[in-house]
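A.B. asks: Sequence order for the protein chains is A and B.
Sequential numbering from 1 applies to the first sequence in this note's numbering.
Sequential numbering from 1 applies to the second sequence in this note's numbering.
For the record, the hints were derived by calculation from the structure and aren't laboratory data.
Some hints could be false.
Here are the simulated SDA-like cross-link-like pairs (lysine to any residue), alpha carbons at most 20 Å apart as the crow flies [to be verified]:
id, chain 1, residue 1, chain 2, residue 2
1, A, LYS125, B, ILE285
2, A, LYS113, B, TYR164
3, A, LYS113, B, THR168
4, A, LYS407, A, VAL375
5, A, LYS113, B, ALA192
6, A, LYS113, B, ARG193
7, A, LYS123, B, THR168
None of the values given here were measured: they were computed from a predicted structure.
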Amino acid sequence: MSDPQAGAGTRLVEMRGIRKSFPGVQASDDVCLSLDSGEVLALLGENGAGKSTLMNILAGLYHPDAGQILVRGRAARISSPRDAAALGIGMVHQNFMLVDSMSVAENVVLGMKGLPFVPDLRKVKAGIRELSERYNLRVDPEAYVWQLSVGEQQRVEILKLLYRRAEILILDEPTAVLTPQESAELNAVVRRMRSEGKAAIFITHKMEEVMTFSDRVMVLRRGKLVAERRTADTDPRELARLMVGREVLFCVDKRPFSPGDCVLELEGVRAEDERGLPALDGLDLRLRSGEILGIAGVAGNGQRELAEVITGLRPATAGRIRLKGRDVTNGSPLSLIRSGVGHVPQDRSSVGAVGDLSVAANLAMKGYRSRPVSVGPVLRPSRILELAKRLIAAFGIATPSPQTRVKFLSGGNVQKTILAREIGACTSLLVAVYPSRGLDVGATEAVRKELVAQRDAGRAVLLVSEDLEELAQVADTIAVLFEGRVMGTFPACEADPETLGLLMSGAKKEA
Amino acid sequence: MDLVSSILTITIRAGTSLVIATIGEIMTERAGILNLGLEGIMMMGALSAFAAAFHTGSLAFALLAAAAVGAALAAVHAFLTVTMRANQVVSGLSITLFGSGLASFLGQRLGPAANNRRLVGLSGPRFGQVKIPFLGDLPVLRSVFDQDLVTYAVLLLIPLAWFYLYRTRAGLWLRSVGEDPQAADAMGIDVARTKYAYTIGGGLLVGLGGAHLSLAYTPGWAENITGGRGWIVIALVIFSMWNPARAIWGALLFGGINAVQFRLQAAGTDIPASFLNMLPYLATIAVLVLMTWWETLSKRVGAPASLGVAYMREEK
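Work the whole structure out from these sequences, hints included.
C.D. replies: This is the structure in C-alpha cells:
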C-alpha cells in the first residue's frame, strides 16, 4: 500500500521510552523515536551507542525491558522477526542474514508467510527479476549466495525485503561494506523507495552519509537520545560534536614530552582480515621511546589487525615493520615477546587471559620459559606465587587470592592482571587495544596511569582507543585510522574532536 | 545368475533398515542436530517392535510401537540439546548406552512366562515377501520386486524425502535452520521448533529401521540385534552427503558387503567368520576417510554448516 502523498508523512512508527539492558550495559535508555512515511531517518552514534540494539528491538530480534512501540498508530507487540515482517518492517543486518549454500531465490522467500507448500521457484525468480529492474538492484536469482560479492549480497537482502512488501526498511551500517559507487547506487535505491512512500531508518557513524542519505537525523550516545535535527538544518561539524559529546579536550599532567629514538616503524604495511579483505591498506607509522601514540578511529577500520600484525599474530602481506631498527616483519609471537613487546589485546577474556586458570598462572604466563618461574621444564609454584603476590599488590588487583580463577574477576581486574603481566614482559613496546573499554571510572584511571608510567619510563606505547577523551588525556600524538590507512597525525594537544571526528569518518583533512 | 540375484535380494533386505535410519538421521542433521543415539534407538525400536508383535500379533501395532519408542528417545535428545543446550555428542552417546542397556534388560523381562520371561529364541509375526506380479518374475529384477512391504515403502521413501527436502517450503525451512540458524531466525522461522520436529521425526524413522531388523531381516529378538548398524548409519549420512537420494547407494554398498559375507559363510570358506563380520565396519572407516579427504579437496560439500552447534538468540 503505497502512500499517494509520498513525503507528506503519515506516522508509520513510534517508539516510546524504550529501555534495554545487557549484563553490565544499558544499551537503550529511555529512547523515543518516530518515523513518517516517505522519510529517511539516520541514527547516528559511536560504536556501543545503542543504535543496533534499538533497531533489533524494532525488528523483533530483541525484546525491550520497557517501552512501547506503535506501528501506524496502533500499539504493536513485536516479539519475533515474523511479527515485524507482518507489520511491514524489515531489517538488513550488518552481518547479512543469508544462507550461503542456498540460491538467491531460495533466500528471498525464506521464512515468508503464505508461500505455497511446493513453492514455484520460477515464479519467484520472475518476481525478483522484475523488482531488480524496477529498483536497479542487479542480481542473478539463480546464483548461490556464496558466489556473490558483499555488495551483491546486500542487494539480495534489500530485494528480500522488497519482495515481502516491507514498508519500513532498517539498514544497519549499509555502506560499511560497499564501495563508493555501490553506496551511490544504494542511495538511489533508498530515494526510489522513499518516493513510493516507504520509509527507511539507517544506522551509521559517518557524518557524510547522514548528509547525503537522510531527511532527519537522531544522535544516540551511550544508549540515550541526545539530539534530533532536520538534516537540512545541521552540518557535519555539529553532528561530530553531538556524536562524540564533548566540545573541549584538554591535556593532563604528565612529564613533559621528550621522545627518544624511534622504536617502532611501519612502512606500507598491508594485511587482510578473516574474510581475506584488505584490513590494513599501506599503513605508515612511527613511534618513539617515551611516546604514547594514540590510534583514533571507528572500530573495524583496522585497529585489531594493526595490533596483531605488530605482535606477530597476523601476517603482513606487504610492507616492513621495524622494531628498534631491526626488521621484525612477520616475526613469530615468541620472537616478538623476546624482543620486549607487550600486548594488551582487544579481546581480554579469550585472547588476553585464560579464564579457567588462576590469577597466578595468568600472571606467570609470559615468564614461564625462564627463571625464576621455571627451572628447565619444571615450574616452581612457590616462585610463581611470590611473583603473583608482588604483582597483585603493585597493580592493586582485587582478587580473593592468587589462586582464584580469572573468570571470577571483574573486567577491570582481568585487565589489570593482563596489564601487570604484559608490562612485566615489556621492555621496549607496549601495544594496548581498547584497554579501558567496559571498565569503571576507577579501573580506567588505573589503566591510564599505568600507560603513562610506561611512557615516563622510556618505553613506547601504542594505544588504540575509540574514546577521544582518553586519547587527549593520555596520548602525546594521535593518528587517525580509517579503512586501514592513517588519515592524519597530530600532537594530542592540538587535536580537536571535530577534526578528529571528520577524519574518523573518512573525510579529507581540510588544509 | 542365481547367485547374483540371491546376493541382490539379501543386499536389499539388509539395506532396508540402513536406508530408513539414514534418511531419519539426514533429516535430523539437516536441522543441525547430530544424534549419536541411533544405535540405542534402533535397538529399542527392534525390541519394542518384536515385543509388540509377539504379544499383540499385529504387525501394524509393532511398527507403531517402534516408531513411538524411537520418537520418544529422540525427544529426550532434542530436549537435552535444544532446550538445555547440552553437548550433542555426550547426549547422543548417553542415549545409545541407555537404549542398548534398556533393550537388553527388557529382552529378559518382556517375554512369556513359558520362556522364562525372555524374548530370545521366540518367533512372532513377521513381514513376509510379497511378490509383485510380472516384475517379480523377471530374472535378476525379481530380487528387487520380491521383498517385504517395509522395503517397498522405503523404496518410495527415498524420492519422497528428496522431494520434501529440496522442493517444498518445509524442506527449505529445514535446510536453512541447519545451515544458518541466525538467518533462519531473522527470517521468522522457529528454530527451536524445527530442531525438535526433525530430531523427533528422525528418531521415529530410526526406530522403524530397528523394527525392520526384528520383524523382517532377522525375525525375532537377539542380544545386540543391530550389530552396530546405528554407527554405520552415522557414516552413511556422511557418505550420502546429507542427500536422501544418495542414501540408497551407501545402504546398498553396506547391505552388499553384508550379503557377500553371508554367502561366503554359507559356502564355507576358510576365512574365519569374525574376519568377515568385521568387513562392514572396515568399509565404514574407509568410507569416512575417503569422504573426509574428498570434502577437503572440493571444499564445499553437504554438511550443514551449523551441525552440532547449539543456537541461542540474544547473545551479547
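A.B. asks: Output the numbers, in ascending order, of every earlier hint that fails for this structure.
C.D. replies: 1, 4
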